[in-house]
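Asks: Next come the chains, spelled out residue by residue.
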Amino acid sequence: MSTTKHLESLNKKSALSQFLISFTWLIFLGSTAVTIFNFSNFPTWNLGSYFQINGFSMLLWSVVSFFSAIVQMYASNYMKGFKRKQSFLLYCIVFSFAVMGFVISVHVVLMVLFWLFMGLIMAKLIGIDSEWKEAQHASKFARLNYLGGVFFFALSVALLVCSTGSFNKNEILASLEGVPQWITIVAALCLIVSAIIQSAIFPFHRWLLSAMTSPTPASALMHAGFVNGSGILLALFAPLLFSANLLLLIFIIGGLTAIIAQFSKLMQVNVKQKLACSTIAQMSFMVMQCGLGFFTAAVTHLILHGFYKAFLFLSAGEEIKNSLPTKPDIMVIKPLQTIIVAISAVLGGLIFGYVTGKGVGLDSGLFLTFIVAITVGQVVYNVLNQGALGATQKLLITPLLIIAGIGVYALIYNGVTVLMQDMPMVNVPITLTAIHVVFGIVFLIAFYIMLSGVYRKVPWLYVKLMNISQPVSKSIVYFKSK
Amino acid sequence: MTKQEQISISIEAASQRIGTTWPLYSFVTSNPLSGYEKLPFEDAVQEAARFLKSNAYPSAAIFKQAFDNNDIDCTVLEAMLKAHKLSQTAEAYLNIMQKEELTTPKKVTSNLDVIMAKWLAAFMDEGLAEWQMPNKEKGFYQSWKALAIYDKDFGNLKVEDLPKTSFEALELVLSKQEVYNYNIIFSTHIGALPGWTGYIKHRIATNSIWQQQFPITIEDYLAVRLTIAYHLGIPLEMDTTVSPNVNISQLKHIWLKAWEATFQNKLVSDLKQDQITGVTKVEKSQLPEAQLVFCIDTRSELIRRHVEAAGFYETYGYAGFFGIAADYQHYQEDISIKSCPPIVGSPYKITENPGEVLTQKVTDFKADKKIGKAKKHILTRLKNMLPSSFGFVEGAGAFYGLSLVAQSFASSSYFKIKNRNKHNYESFCEPIISYNGGDKNEQDITLNEKVGIVKSGFDLMGWDSFAPLVIFAGHGSHTANNPFGSSLDCGACAASPGRHNARLLATLANDKAVRDVLKTTYQIHIPEDTVFVGAEHNTTTDEIIIFDAHVPASHVPRLAVLKENLKKAQETATSERLKVASGSVELAIKKSQNWGETRPEWGLAKNAAFIVGARSLTSRMNLDGRCFLHSYNWKKDPKGAALAGIMGGPMVVTQWINNHYYFSTIDNNKFGGGTKITHNITGQFGVVQGNGGDLKMGLPLQSLKASDTEMYHQPLRLTTIINAPLERVETILKSNKHLQMLLDNEWMYLKVIDSTDSNIFKTYSKGFNWLSETTTVLKQKIDKVESLEMVAH
Ligand SMILES: [Zn+2]
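Protein chains in written order, with our numbering: chain W, 4 to 485; chain R, 1202 to 1994.
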């Protein structure tokens, strides 16, 4: 191709990308229309004993096709001139199909196969630059993790198939009562391992931190549409977790990783690693929500987090700034402020409880309300402490922010709950135990440590967290081929 | 000599082997091999290859494209090959070069690099991390030492194992080494991560505020690195034996020279044509409607051509900092940035003055600024804090979803909404100049200095007479989501937009007192009705924004006509640049606002020549954005002072730019930035590829190539062409050893259009041997070939 032709091609989208993008948007429009049309009373359509379409699967079709289309639109410009641009776009669409196939499958073999596809394609995207040795290492490493995840998932369903004699997920879940307890527990444990590998939760977080060799739009897809697979997986198998009685374990795994990852995020000096640590923390929180019995909240979280993280990845080029060194903030809070903060936190919690129906009784929902209350308190505290804002501005901004935030969240959460109403055990608050209370206190302590900045004075913690959040060495510098 | 001195001297010498890495917020395109300039180009690139493991010449693929495109004249090439007793065909040699490149990358000792990169990135961070590396204020070695005992990457160190100072650490690890080995050891270890060590050099050279608060030295770097190597059991002497194929290097050098000669021959013959036609043109009888001054930047060549075509306008080329050696401080910002070439100091400072009366605009601006800061602060807190980060994502997630849609489908509306509160303070502020470091309110600089700034501009450009409107147009780029944005800004302003300097020069030239002195002391008569106005050429969209808040009513109609014509020029210029027949302006705007655009504009790519002379020399030529143009009139510069200024300043800066483009193109991963699509911003000032590793030091692939394989910038060394008396040029060269060295070592070429010898082209060659015939001979050869080809067709 002559140089002029090349330059001309830089001005327009290729025919392939135009086709794929329109096609993906069509899927989005179609599934969204179906979702909205059947919203309040979504029927269940079965295609043999292989596939099943319901509110939940259509919701996820909309979400996945949305992210996929946005990413493809971005990539069709961003990847111009990249020798594997076409493969990239095709991988994107095939990946979306894999996710869509997974969420409508009820035959467990199909589920495992789609789960495998998702991983294999994601590994391909990480190593899409085939001449870059470090990328090949990162890809290999990620694939190894995913294969591990597939193995545990397969093991889990194999156990269930053997003991129930059915290959249909719904039938399996309906006949769990007859399965010996130890099998349920082992199967659930395998499922949990598979889930936390997908969501890069400690100790399987390394693959995500080593995955920056993928082009930026692939990272957006990964963080918005791949890592949150655990939320979907756990929601689909919620009855298994209940009958194995392992929710508390999930809650603890999520809670611990959330704290570690959030602290690790603070020390990251590379934008994409910082985003990755944030993703790990958010995924852990999602897993925690599962552990509290609120699978619907987890699904809501994974959708909203997808928006958030996709946006941040796609605009990760904005982080160059000429800045001056600043001293860390020192927390000053006057008595009157304390009262205002406390009152608004309680108020925020109450509004949240009222509009979402969570946390009104003495159950695990209280924990989520507690998180919201602290967030509201944080918002109020920070707005109050802004010298730049006038009193009227503060008085206007604060309630507006809180009501808009909680209101929009409640709207989406309630929508998701309605769409998932036919799924078993996805919105069942569990009894509040001592462990929940302990974790509530742990969160408060972590919150205090962060706010006061005492962690800055602990050098060994800095080194520890720094080292556990490093990518795999061979994926950083190995051959120096780039 | 003490051990300390020996070590320091060796470090000093070794750090010359790497270039300087500039932060991306002020990305100066400089020669990455500036430390090798005292060597002939051929030797320098080999020497660098040894320590940096870099390429020296374009790849065979690039040569092939140039050859297929007839950018390398076959006749010229084969003549040159024959002169070196190489008698095969060009194609045969292309094959030989191609075969040579088929080697796989070598595995290197990487563990050391991984650990070093980790600590360097942590230490040098400029505010990306909320939790900074502890004890940073004690310097790199000390803060590392305090943490090393917890780092299990290289065994269990105890505090006693680590010497007190970096010097003692070096002394310890070097105890078994001979002194003469120091240089080579230091060089290889500094050269192992040239991006990071180059940034240490930059911090030391500029003594930035980050360096003042958190000092780091090359000695620190070496102490940490060699100590780690010592504990990992890695031998200090690293492999520096690359076996460069001498024949291939020589071959490539010939190819490069043939390519350069082809370009030069074409340029010279075009210039001659233009001179011939130029003579026949009618002497201008009346003043142009307006005169516009643009930066010498290669992008100005295009816009100047189109502005001239849009009306009766005269254009000039002048270094884009407009002769004002100053730092600039944005209105209501704490930071001041350099706004003149890095090789020049900044005795002055430009600030913005909103005037005595506080207007509504000023109050609004300040309020918005404050709210913006508050918003950012609150958002950061909510995102970072536990557990509000979870609540925040749930509450704000939907709004991010809307932003995704807006960015993808309505980038221009998104852009407008995002910047809705952004007022251009140019509409109510006036730039003022003061001494740098002083109190800006009291130290108004002396009248003489102001006059000097204005006068030197007119002197250097060889200005004749003044039109009623004179526009000084600085330039800046406007791109979205682009870490390399500043690389597209004005190189003469240390990679910031040049509009502030332009506005200041206009203000000074409008000053009545300045004009009086110019008239009485220097006989420069600026007519009463001439108004100077600052402007900005937006190089991404080719729009020219005029800062006309202070233009008197008498000139408004004239300005309105000019603005209309500039719009026309924008249309034709973008159409030529983007190679589309219609909708070019919209396309350019889209490229500047699209967050997924990696090639919003081409910057200075394709640059190859620097022409110093009157516009009449080139006014009829389409130079295709490949030339820097500096206005100069030798008749108005009898003492040669102006020319000395041009050769000592802009000529060196253009060589920096040109060499940067050369090396970034021939080894994009080493000297450039690699591809943008896998960049990962580090520390708010730089990028790394993928998961980390070395800091990237140069331009990204998307600024240089049309695709992964297709070349856009042609890696040619700069050819400077000066229209002046030969003797004058020679005198200046003899007193400027640096320039002489650059020319003797072939880091650039020089041709003089000798005005004392009927404007004959004379080419500099080592030791002041001016060649005047070669080019004509070659030109005849080209003509002959072309006529033969015509016959053949
Ligand atoms: Zn410039």
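None of these hints come from the bench; they were simulated from the model.
Model, not experiment: these values are computed from the prediction.
Glycine residues also receive a C-beta, built at the ideal position from the N, C-alpha and C atoms.
Take the hints with a grain of salt, since some may be wrong.
In the EDC-like style, the derived pairs of lysine to aspartate or glutamate whose C-alpha atoms are separated by at most 20 Å in a straight line are [to be verified]:
hint : chain 1 : residue 1 : chain 2 : residue 2
1    : R       : Lys1791   : W       : Glu11
2    : W       : Lys8      : R       : Glu1490
3    : R       : Lys1458   : R       : Asp1269
With the C-beta cut set under 10 Å, the calculated list includes, among others, these residues of chain W facing chain R [stated by the list, open to error]:
hint : residue
4    : Phe70
5    : Gln89
6    : Leu93
7    : Thr303
8    : Gly380
9    : Val441
10   : Ile444
11   : Arg459
Asks: Taking the closest Cβ pair, is Thr303 of chain W under 10 Å from chain R?
Replies: holds (7 Å)
Asks: Taking the least C-beta to C-beta distance, is Leu93 of chain W closer than 10 Å to chain R?
Replies: It is violated, given that the least Cβ distance between Leu93 of chain W and chain R is near 17 Å, above 10 Å.
Asks: Per the CB criterion, is Gly380 of chain W less than 10 Å away from chain R?
Replies: holds (8 Å)
Asks: With a cut-off of 10 Å on the beta carbons, see whether Arg459 of chain W makes it to chain R.
Replies: holds (6 Å)
Asks: Answer holds if the nearest beta-carbon of chain R is closer than 10 Å to that of Phe70 of chain W; otherwise answer violated.
Replies: Because about 9 Å separates Phe70 of chain W from the closest Cβ in chain R, which is inside the 10 Å limit, the hint holds.
Asks: For the pair supplied as a hint, Lys1791 of chain R and Glu11 of chain W, confirm whether the alpha-carbon distance does not exceed 20 Å.
Replies: This hinted pair holds, its Cα atoms lying about 15 Å apart.
Asks: With a cut-off of 20 Å on the C-alpha distance, tell me whether Lys8 of chain W and Glu1490 of chain R pass.
Replies: Violated: Lys8 of chain W and Glu1490 of chain R sit about 39 Å apart, past 20 Å.
Asks: Regarding the hint that Gln89 of chain W lies at the interface with chain R, is the smallest CB-CB distance below 10 Å?
Replies: violated (13 Å)
Asks: Tell me if the interface restraint on Ile444 of chain W is satisfied: Cβ within less than 10 Å of some Cβ in chain R.
Replies: Status violated, d = 13 Å.
Asks: Next item in the hint list is Val441 of chain W. Is there a CB on chain R closer than 10 Å to its CB?
Replies: violated (15 Å)
Asks: Keeping to a limit of 20 Å between CA atoms, is the pair of Lys1458 of chain R and Asp1269 of chain R held or broken?
Replies: Holds, at roughly 16 Å.
In this structure, the hints that do not hold are numbers 2, 5, 6, 9 and 10, in rising order.
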